[in-house]
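Asks: We have chain F already, so just place chain C on it with the hints.
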Amino acid sequence: MIGSPAIETENSERTRILTGDSSGAQMLEISMGPHHPSTHGVFRMDVVLDGERIVKLKPVVGYLHRNHEKIAESTTYLASIPFTDRLDYLCSLTNNWAYALAVEKLAGLIVPERAEYLRIITAELTRLQNHAGVVGFLVQDMGASGTPLMYAYKQREQILDLFESLTGSRMMCNYLRFGGCRADVPSGWLEQVTKVVDEFPRFLDEFERLLMGNEILMARTQGIGLLSKELAINAGVTGPMLRASGVNYDIRRVDKYGVYDRVEFKVPTGEHGDVYDRYMIRMLEMRESVKILKQALRGIPAGPIIDPKAKLRGFRPKPGEAYGRIEAPKGELGFYLVSDGTPNPYRYRVRPPSLVHLTILEDLCLGHYVADAVIILGSIDIVLGEVDR
Amino acid sequence: MDLEQIKSDIEGAVPDSTLRIILNGSPSAEHSLLIDNEHAREIAFFLRDHPKYAFDYCSNATGLDWLDTESTQKVKVRKLIEGVEQEVEESQKTLFSGYLESVYHVYSMSKKHGPLVLRLRTINRTDATHLPSLTPVWRSVEFQEREIFDLFGITFDGHPDLRRLLMWDEFTDHPMRRDYVEPDDYEYEPTAHDEVLEKAQRHITQLT
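Protein chains in written order, with the working numbering: chain F, 159 to 547; chain C, 0 to 207.
Be careful, since some hints might not be right.
[As the list claims (entries may be wrong)] Derived DEER-like restraints, expressed as beta-carbon distance ranges:
1) C:171 with F:247: 30 to 40 Å
2) F:232 with C:6: 34 to 44 Å
3) F:318 with C:162: 33 to 43 Å
4) F:308 with C:171: 40 to 50 Å
5) F:469 with C:170: 35 to 45 Å
6) F:236 with C:159: 36 to 46 Å
7) C:67 with F:247: 33 to 43 Å
8) C:49 with F:469: 37 to 47 Å
9) C:168 with F:210: 28 to 38 Å
10) C:33 with F:236: 30 to 40 Å
[As the list claims (entries may be wrong)] According to the in silico footprint, chain C covers these stretches of chain F (three or more CB under 8 Å from chain C):
11) 220-229
12) 331-342
13) 403-415
14) 484-497
15) 516-524
Simulated from the structure, these hints should not be mistaken for laboratory data.
Because the structure is a prediction, the values reported are computed rather than measured.
Backbone N, C-alpha and C fix where the C-beta goes; we use that ideal spot for every residue, glycine too.
Same shape as in the complex, but just chain F:
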């Protein structure tokens, strides 16, 4: 595009009118997606380019919309759990937890201690496999084709195997129930987890040795997609994205849901809020997750795994409403439920982190090269199943 003679076409004329640009430079309007390998699903960006610089970017979503919320309103509370697996399909166990937490708040259920520990273990394993996938894909987006991604996926596979032996499914786990978990662990499972967790830092060391000081990676990521602290808070950015901008806010710390008040961990924060910081925050969070897992595996008590008072069938919470939220790997995942005393929720709302993060995609990309938009999107870490619902 750079250096090519300015050919006046009808399209560029239209773009000029669209952007209100009167400098005479040729603008190019590109539709990136919906079927583009870098968009991590069916997602489209309407980009207006000046040469290779982005001057305007509008995200277009809705290709996977199936009105998940309406489906949930026409079915029982329990029957929505498998549907929540399909929201952020990489992290089904944390989706289950956010939904279960909201229902438990709504109905006042108490979760037994063993179930809380199982929830922490499965949630942190989910965080490990999500972050491993994200950093792998991020490097893949930069052009390091295959090798680093496969290193990350090798590790992710081991965790998915653990999920399979616990829940029967590798990705669509459908494991939590209101007031506990569906099934106790199979014999020897906790030992398997310990083994995988103990080996995980070796992968992190290897990955960091391979990439952290890499000149190309630093050139492509440092100073790209800067997100200021103030904008991050005002725009509702949460999770690793927020902490990369230097805000110390982790819902595991703030709300202390589950038994997160009993485990010790640090909340890593970044300084610059660029793509490199977001990448590094995820690497550091994986180390903290390993720490949490080791403590949880040591501390897990024996006992029941579900509240005996929790009814699975004929479950009717009292009229009222509740908002439950957790720190999902991608940010704050919230469920807002309104009950009118019937077996079906009157209102069922999912607050997806990915959709809220897309609000500021344009702010992050303006002025950068079009190739950087791919990396910035990768560092946001969206899943379209959750954006479109």
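Replies: Same frame as chain F, but now just chain C:
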């Protein structure tokens, strides 16, 4: 969070504002604050910028649809029946008009407290469905208000870019409304083929 305290503080800072606390009967006990539409943005700015509250982060914005409801009451009425005055029971119907609601869950990241639940109500569900947009206060609700506009049909005044988010632009209805009836076929489009069929049908009936 002491909701009464917040209410009186807002009333002190934003005169003429009318606020109401909506109680929540579930064990979660998250009571909410119904704020009036004229002063909504002023109240939101107050809550965001006041150093005591500093609600700098709006996590969730969503819509709610409450249908028109009817309640029947038995009333005793004196009436002339066959020339004799008698006391008769009659049922009287009262119609409560429904409304749309937008609900905001607001937290403070600097003070680490929350949630505060704010509600806004429209006048009815049909023609007066305008609410003030809170996007100028909290940028995080930009896409969420677009989604409410798309699925519930609440128009947010002052929103910078109010378009449909999830459904396509040509779509006319609002699928998350409680009385929404889905069409038989979303993909239906009249084609020339159907006209041809109709013509053929006419031809057959004329022949016979």
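Asks: Look at each hint and say if it fits the structure.
Replies: Hints versus structure:
Range check, residue 171 of chain C to residue 247 of chain F: about 31 Å between beta-carbon atoms, so the 30 to 40 Å window is met. The hinted window of 34 to 44 Å between residue 232 of chain F and residue 6 of chain C holds, with their beta carbons roughly 36 Å apart. Checked against the given bound of 33 to 43 Å, the beta carbons of residue 318 of chain F and residue 162 of chain C, roughly 39 Å apart, stay inside it. As the Cβ distance of residue 308 of chain F to residue 171 of chain C is approximately 48 Å, the hint placing it in 40 to 50 Å holds.
Evaluation of the 35 to 45 Å hint for residue 469 of chain F and residue 170 of chain C yields a pass: the beta carbon distance comes to about 39 Å. Judged by the Cβ atoms, the range 36 to 46 Å given for residue 236 of chain F and residue 159 of chain C holds: they are separated by roughly 40 Å. Here the CB-CB span from residue 67 of chain C to residue 247 of chain F is close to 39 Å, well matched to the stated 33 to 43 Å. Between residue 49 of chain C and residue 469 of chain F the beta carbon distance is about 43 Å. The supplied range of 37 to 47 Å therefore holds.
Under the hint 28 to 38 Å, the C-beta atoms of residue 168 of chain C and residue 210 of chain F, about 29 Å apart, fit the expected range. Between residue 33 of chain C and residue 236 of chain F the beta carbons are some 32 Å apart, a value that agrees with the proposed interval 30 to 40 Å. With a cut-off of 8 Å between beta carbons, the segment 220-229 of chain F has 5 residues touching chain C; three or more are needed, and the interface restraint holds. With 0 residues bearing a CB less than 8 Å from a CB of chain C, the segment 331-342 of chain F misses the requirement of three and the coverage assertion fails.
Counting residues of the segment 403-415 of chain F whose CB falls under 8 Å from any CB of chain C gives 3; the rule of at least 3 is met. With 5 residues having a Cβ less than 8 Å from any Cβ of chain C, the segment 484-497 of chain F passes the three-residue criterion, so the hint holds. Given a C-beta distance limit of less than 8 Å, the hint that chain C covers the segment 516-524 of chain F holds, as 3 residues qualify and 3 suffice.
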